[in-house]
Every structure is written in structure tokens, then in C-alpha cells.
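J.: Chain A is already provided as a structure; the job is to place chain B on it using the hints.
So the protein lines, in turn, are chains A and B.
Sequential numbering from 20 applies to the first sequence in our numbering.
Sequential numbering from 20 applies to the second sequence in our numbering.
What the hints contain is simulated information worked out from the structure, not anything from laboratory work.
Wrong hints could be hidden among the right ones.
It does not matter which identical chain is used: a pair holds within one copy or between any two.
Each computed DSS-like pair below joins lysine-lysine, with the alpha-carbon atoms no more than 25 Å apart [said to hold, decoys possible]:
#1 K141 with K192
#2 K84 with K101
#3 K40 with K217
#4 K92 with K40
#5 K101 with K141
#6 K113 with K141
#7 K84 with K178
Protein chains: 2
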Amino acid sequence: MSEGSEVRDEAAHREKMARIKAAKDRLYASKTKEKGLLIVHTGTGKGKSTAAWGLAMRCLGHGLKLGVVQFVKGRREPGERKFLERFPELVTIKVMGEGFTWETQDRERDIAAARAAFEEAKRMMQAPELHMVILDELNIVLRYDYLPLDEVLEALATKRPDLHVVVTGRNAKPELIEAADLVTEMRLVKHPFREGVKGQLGVEF
Amino acid sequence: MSEGSEVRDEAAHREKMARIKAAKDRLYASKTKEKGLLIVHTGTGKGKSTAAWGLAMRCLGHGLKLGVVQFVKGRREPGERKFLERFPELVTIKVMGEGFTWETQDRERDIAAARAAFEEAKRMMQAPELHMVILDELNIVLRYDYLPLDEVLEALATKRPDLHVVVTGRNAKPELIEAADLVTEMRLVKHPFREGVKGQLGVEF
Numbered sequence: 020m021s022e023g024s025e026v027r028d029e030a031a032h033r034e035k036m037a038r039i040k041a042a043k044d045r046l047y048a049s050k051t052k053e054k055g056l057l058i059v060h061t062g063t064g065k066g067k068s069t070a071a072w073g074l075a076m077r078c079l080g081h082g083l084k085l086g087v088v089q090f091v092k093g094r095r096e097p098g099e100r101k102f103l104e105r106f107p108e109l110v111t112i113k114v115m116g117e118g119f120t121w122e123t124q125d126r127e128r129d130i131a132a133a134r135a136a137f138e139e140a141k142r143m144m145q146a147p148e149l150h151m152v153i154l155d156e157l158n159i160v161l162r163y164d165y166l167p168l169d170e171v172l173e174a175l176a177t178k179r180p181d182l183h184v185v186v187t188g189r190n191a192k193p194e195l196i197e198a199a200d201l202v203t204e205m206r207l208v209k210h211p212f213r214e215g216v217k218g219q220l221g222v223e224f
Numbered sequence: 020m021s022e023g024s025e026v027r028d029e030a031a032h033r034e035k036m037a038r039i040k041a042a043k044d045r046l047y048a049s050k051t052k053e054k055g056l057l058i059v060h061t062g063t064g065k066g067k068s069t070a071a072w073g074l075a076m077r078c079l080g081h082g083l084k085l086g087v088v089q090f091v092k093g094r095r096e097p098g099e100r101k102f103l104e105r106f107p108e109l110v111t112i113k114v115m116g117e118g119f120t121w122e123t124q125d126r127e128r129d130i131a132a133a134r135a136a137f138e139e140a141k142r143m144m145q146a147p148e149l150h151m152v153i154l155d156e157l158n159i160v161l162r163y164d165y166l167p168l169d170e171v172l173e174a175l176a177t178k179r180p181d182l183h184v185v186v187t188g189r190n191a192k193p194e195l196i197e198a199a200d201l202v203t204e205m206r207l208v209k210h211p212f213r214e215g216v217k218g219q220l221g222v223e224f
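Okay, chain A solo, but in the shape it has when bound (with noise of 0.2 Å):
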């Protein structure tokens, strides 16, 4: 490239950049409301439950705090948990007691966990210390029917306005998604199972 042409292509792109950071700085200036948001990661794809961790990790770097419901308890103890539990001045964590479903095979005991653990989501929701709420896998408890949809989508409407709650789970139902101020759908572009290989430590759990 001769050096004409590449302080006219620096000019171009200088340009360029200009007028981008001009676009978002107009952008930026136009949103002004603070809300509490609902947010609901779904899909079929890794990273929702990962995403709400990370919101999570976010949090806690502002030193705000949190609250977690984990409606699905896996097999494997998971990172984030044990992770979470070392800041108990900071995250009130609360897991349902069972495995779930195919795990415990019994639907009244599941749907009993799923009630506690909802009744416990419905106290965080009004709680004024928080800043955020995870309901972890709320969406699989929904689509087994464990809890009546209208009394979920109720307690969401009501939760205390400035809060940030976050749903996660496969499956969200329609309602729900209506309801939402964010979506996020993570979809499986590439997965390794395909190839054999296992969930493993520090990323599948």
C-alpha cells in the first residue's frame, strides 16, 4: 500500500469511528429511565443459568445484593453455588430441596418443593435490601406445571418495582416472555456431547 493511500484510508476510518461514536453517544443520551427489569434467559443453549451467575458476579462487584432460587438441584455440586455461599453478607441463597423429577420420581414431593421455594422467591421479591433476584430454572417448574402460571406471572408484577429479577430455564412460556422488559434466547450453535465428550468441572457445573 503506498503511503497515499493509507492516510486516506486512516482519514476513512477515522471518519468512520467518528460518526459511530456520534450514533452511540446519541443513543446513550436517549435512554434515561432506570427500571427494575425482568429478564429471562431461555433456549436451548448453554449460558442461561451461566449468564445469571455472571449478573450475579456483577452485583457483587458494586457490593449490591442478591437473592437466588435454585429450582432445579443437579447431581453435582455446583462452582457458582459454593461459590455464592461464601458471601452470606452479600447473597441469600435459597435450593430446592430434591433432585428433580426424573431424579426424584415423585411428582407431590416435587410439587411441594416447588411451592416452598416459590413461597421463599415471593418474600425476596418484596425484600428492600435487594438488588437483584435469580430465580434459577423457574421456567422447567412452570412447564411441569408445578406452580399455577398466573400466580408466578402475579408475584412478577407485583415484586418490588426497583428490582431486577432474572428467570432462567428452557422453555419459557409465552406469557412469561410478554411480561419480560428483557429476552435473551440462547440458542445451540455447536455442542461437545456430539463428540462424547462429559459435562466437566468449572464448566458444565
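T.: Coordinates of chain B only, in the frame set by chain A:
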């Protein structure tokens, strides 16, 4: 519902759950390989970096060490960085020195900053003590051609074999997706920006 139909309902549920459990048990038993994964979070939705911080939390929960290179430094002090910096014995973190592109308006300086950050990333990808390396927003750097794609792919292909590497950012290059083990696309379903709500503490940063 009569008592008889409730009993049949329960039996049908138990049978279904037993089938699911058996299928899950078979599936997990067939997955035996351990492998350092190349994980990519891309797409235009939220949660790409956030899910990487969730993976970081998972590692920290298990006491595993990580390396983090942030290729884009935003306007604000992000909670996740404030937080990760509290664990210097577990987390090595490198932030690309300047803002980025539309902030700096200086292509040459951005390229030099990307190069310095990438050299650090290459060192991390060989470090024997790390369980995971997060290359946050590397896709953006590749998209602007601030680093040669071939060199990046080569560094990823020759990483320590049992190391997990997470690459985030929209517009992941097809060659990177091809090379990856686990790829998730975060798809925007609904965003509160549309209603004039601004990026908020503990959610957006």
C-alpha cells in the same frame, strides 16, 4: 378429578419420569472424554460476556485458576472486573489499555493495544496453572481486523490441550465457529433500550 384417575395420573407421571431418568443416565454414561474446550459466545443478544463471568464464578467456586483478557474497555467500571480483581491468587486479568475504536478514534493505537493484549492471551493459553482463559470481546477485535485471524486460530489450535478457552463477542468469524467445540448464539428477543430504559448498575455493567 376422581381418586382413581389421580392414581392413574400419578402412575403415568412416574413411568414417564423413569423413562427420562433412564435416558439421561444412558446419555451421561456414554460421555466419558475430557477435553479442554474452545467455547464461543456470539450473537447480537445479551449474555455473551455475562455467561463467561458465570463460567469464571464456577471455576472460582471449585478453587480453579483463570486468566482473563478484556479486549474492549468500556466507558464504565464493570462490576465483574471489580469483583475478579479481588481474587488475585486465582485470577490473572489483563485489560486492553484504552477504550475502543469509536472512543479512541485511533486505529494505530487500537491495533497496538490489541497486539499487546493478544500476546498476554498467548502466554495465558500455555500457562500450566490455569483451568480456563476468557478472551472477552476478541470477536470484535477480529472483526475490525486488528489481529490476523490466522494467527489467532493458530494460537487457539496450539493452546494447552486441557485448557478451556472462552471467546466472546458478536460476529464470530465462521473459521472460529468451525474450530470451536461449544458455540452458543445469544439471540435478542426483547430489549428494554427500545423503551428508553438505560443500561443499569449490576445488570449492564
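J.: Does each hint fit the structure? Answer for all of them.
T.: Against the structure, the hints:
1. K141 with K192: within (19 Å within a copy, 43 Å between copies)
2. K84 with K101: both (17 Å within a copy, 15 Å between copies)
3. K40 with K217: Between. Shortest inter-copy distance 17 Å satisfies the 25 Å Cα cut-off; intra-copy 44 Å does not.
4. K92 with K40: between (45 Å within a copy, 15 Å between copies)
5. K101 with K141: within (24 Å within a copy, 30 Å between copies)
6. K113 with K141: Within one copy, since 12 Å is at most 25 Å while 40 Å is not.
7. K84 with K178: within (16 Å within a copy, 38 Å between copies)
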